[in-house]
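K.L.:
Residue numbers (our numbering), protein chains in the order written: chain Y, 1 to 332; chain D, 1 to 252.
No wet-lab data here; the hints were simulated from the structure.
Model, not experiment: these values are computed from the prediction.
Think of the CB as a built atom: it goes at the ideal place given N, C-alpha and C, for glycine as much as any other residue.
Errors might be hidden in some of the hints.
Stated by the list, open to error - Derived SDA-like pairs (lysine to any residue); straight-line CA-CA distance at most 20 Å:
1) D:K123 <-> Y:T185
2) Y:K7 <-> D:P119
3) Y:K211 <-> D:L111
4) Y:K303 <-> D:N92
5) Y:K214 <-> D:Y109
6) D:K54 <-> Y:I210
7) D:K123 <-> Y:R12
8) Y:K312 <-> D:T147
What the hints assert, rightly or not - A short, non-exhaustive set of chain Y residues, derived as facing chain D with CB atoms under 8 Å:
9) A180
10) S187
11) R188
12) H189
13) R191
14) T194
15) A195
16) D198
17) N199
18) E204
19) G207
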Amino acid sequence: MKSNLRKIFASRVFIGGAAAIAIWGVLALLIAAGIFSRSMQSLLIQICYYVTLALSLDLVVGYLGDLSLGHAAFYAVGAYSGCAFAVYTNLPLALKFIGGLLVGGICAAIVGFLISCAILKLRGDYLAIVTLAFGEFVRSIVKIIPGLGGTKGLLGIPSFDSRVVGFTASYIVLVLVIVAIYNFTHSRHGRTVTAIRDNAIAAESVGINIKRTKVLVFTISAFIAGLAGVVSGFYKTSITPGDFDYNVSIEALVMVVLGGMGSIRGTVIASAIIVLLPELLRGMDEYRMLIYAIVLIAMMMIKASPKCRALKEKLDGKINGFRSRFTRKRAK
Amino acid sequence: MSMLKVENLGITFGGLHAVENLNLEIEKNELYGLIGPNGAGKTTVFNMLTGVYKPTTGKFWLDGEELTGRSSIEINRKGIARTFQNIRLFGNMTVAENVLVGLNNQMRYGLASSFLRLPGFFKEERDYSKRADELLAVFDLYDERDTLASNLPYGKQRKLEIARALATSPRLLLLDEPAAGMNPNETAELMNTIRFVREKFDMTILLIEHDMRLVMGICERVTVLNFGTELASGETSKALNDPAVVKAYLGD
Ligand SMILES: Nc1ncnc2c1ncn2[C@@H]1O[C@H](COP(=O)(O)OP(=O)(O)OP(=O)(O)O)[C@@H](O)[C@H]1O
Ligand SMILES: [Mg+2]
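Can you make the complete structure from the sequences, with help from the hints?
P.N.:
Listed below in structure tokens is the structure:
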């Protein structure tokens, strides 16, 4: 009985769930109490959808091992379709948000499915260049579709009146995405993805269907990128094609690489830092972007250093040690 | 009916006849050797039998079913599994996960179970984890189950490749130089393991090997290749003493 309780307290579900609620509670309280400035409140919401976007890219780059430079395309498709749904329907706000997420996610997933079928044969540099071009292609298409506002953008997207609610909605989407990605990557399907990344020929030799798996990963990834787009639209209340240029794809890629590729925790931390960085450097005006670049390079170098790796292993060991003090070692 | 039948199999790479007119008949539960000097075309035969290369001529059958020209995936599902001469493990995955990837096609739970962790997920993961552990135990790898595959010593990596191939529950196992890079002790131990696998899983095994002692020790019959053509085949000791084979190995 007692050991059952201990097991529950040590389980990932419990620790993760408790952490998610605790973080939400603290942040929501700080927002509600007016301790966070308005710009800080905005940044928190931005972190939510940037992390979501970066995690979706991590599925392709980190887990599958393919380089995509066009993730802004899925992000854009999600944002435009989901926000158009919200603008042109007559529903309560909550339903507009949920419906928008579904519409945005599904439209992005369809585009992801189609594009991945088309680029199956490409690898490495070729894949990177084609996805980059595809990102710009989607941006120009969006400009000419009637009802999406052309170059001026889609205006009047509904938004949450209260910042606490806005943050909470964005945060819930992020948490659900993290849970979904964790579950997927720790399942038989996720194993086939990393197997392909590690050795495609060997994966085929044990009967793994590489094409189907790649299409699956691109589709899931596009769906999640689409969700991020919808959340961003609800925060900004207007979106323009300029919000989805290749800089967004590159920025997401920096987050993934800095986060250690194929690591949920790393991507979350790296994305948060990168979103906060320009803000933290705000006082420095013209030097801001310069320092931003230097800090980025420094972070990459520190992360790659052996000392930092040793530290990370030590930390991981500590965390595992903490967990196994509750659960006895896996029975033989 | 023989487990593997190969008829006139051949392949050319831009004018080079890498393998020509190969004929083989391997009976169920037999341990058959494929030997020959460097560049003789042995690995190329495996690549044709596993769908990596499409043969230019000839056909082959597994247990009576023709598989010529099918994809790697299909061929594996039909029951041919292999290991690689230059080890190909999933290096960033644990030892147990490598075997679980081999078991993947027998697992049934769907995407929804993966995302939502429905009961089917836990049950199958538990069951197959146990099966992976059993396989690892056969190869004395159980204690390393949570080690990253790339951190295993060389000899154990070779064993893990065999375990992963067996996880796909094949009817025919192709081993490409399983003893390469092993010391005599490890080789002797590996011979025992291969014999054990053959008995325990009632497996038919086709083995490429350079180590003559290993070949003499465990293969009943062999085929000797040189420059893509068959020099001799039949009972191991007879084939190895064939004058053409002796000449090919010693050079003239
Ligand atoms: N994809 C390919 N393209 C061109 N030539 C190839 C290809 N694969 C193999 N060959 C050639 O076919 C011949 C046989 O090669 P193979 O690897 O089958 O030899 P092997 O008997 O396995 O030799 P080893 O004992 O060195 O492993 C060699 O001359 C090799 O260069
Ligand atoms: Mg070879």
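K.L.:
Now tell me, hint by hint, if it's right for this structure.
P.N.:
So, going through the hints one by one against the coordinates:
1. A hinted pair counts as satisfied when its Cα atoms are at most 20 Å apart, and D:K123 with Y:T185 qualifies at roughly 17 Å.
2. For a cut-off of 20 Å, the pair hint linking Y:K7 to D:P119 stands: about 18 Å separates their Cα positions.
3. Of the pairs offered as hints, the one joining Y:K211 and D:L111 holds, with about 16 Å between alpha carbons and a cut-off of 20 Å not exceeded.
4. Restraint check: the Cα-Cα separation between Y:K303 and D:N92 comes to about 19 Å, which is no more than 20 Å; the hinted pair holds.
5. In summary, the hint linking Y:K214 to D:Y109 is supported, as the alpha carbons are separated by about 19 Å, within the 20 Å threshold.
6. Restraint check for D:K54 and Y:I210: the C-alpha separation of about 18 Å stays at or below 20 Å, so the hint holds.
7. Annotation: proposed proximity of D:K123 to Y:R12 holds, straight-line Cα distance about 18 Å (limit 20 Å).
8. Restraint check for Y:K312 and D:T147: satisfied, since their Cα atoms lie roughly 17 Å apart, inside the 20 Å limit.
9. Taking 8 Å as the C-beta cut-off, the interface hint given for Y:A180 holds, the closest approach to chain D being about 5 Å.
10. Satisfaction of the interface hint for Y:S187 is found here, the shortest Cβ-Cβ separation to chain D being roughly 4 Å, below the 8 Å cut-off.
11. Satisfaction of the interface hint for Y:R188 is found here, the shortest Cβ-Cβ separation to chain D being roughly 5 Å, below the 8 Å cut-off.
12. The restraint placing Y:H189 at the interface with chain D holds, with a minimum CB-CB distance near 5 Å, inside the 8 Å limit.
13. Among the interface hints, the one on Y:R191 holds; its C-beta lies about 5 Å from the nearest C-beta in chain D, closer than the 8 Å criterion.
14. Annotation: Y:T194 was flagged as interfacial toward chain D, and the flag holds, the nearest CB pair being 6 Å apart, inside 8 Å.
15. Restraint check, Y:A195 versus chain D: the minimum CB separation of about 5 Å is within 8 Å; hint holds.
16. Of the supplied interface hints, the one on Y:D198 holds, with its beta-carbon coming within about 4 Å of a beta-carbon of chain D, less than 8 Å.
17. Hint on Y:N199 holds. Least Cβ distance to chain D is approximately 5 Å, under the 8 Å limit.
18. Checking Y:E204 against chain D: minimum C-beta separation of about 4 Å stays under 8 Å; hint holds.
19. For Y:G207, the interface hint holds, since its Cβ comes within 8 Å of a Cβ in chain D; the closest pair sits about 4 Å apart.
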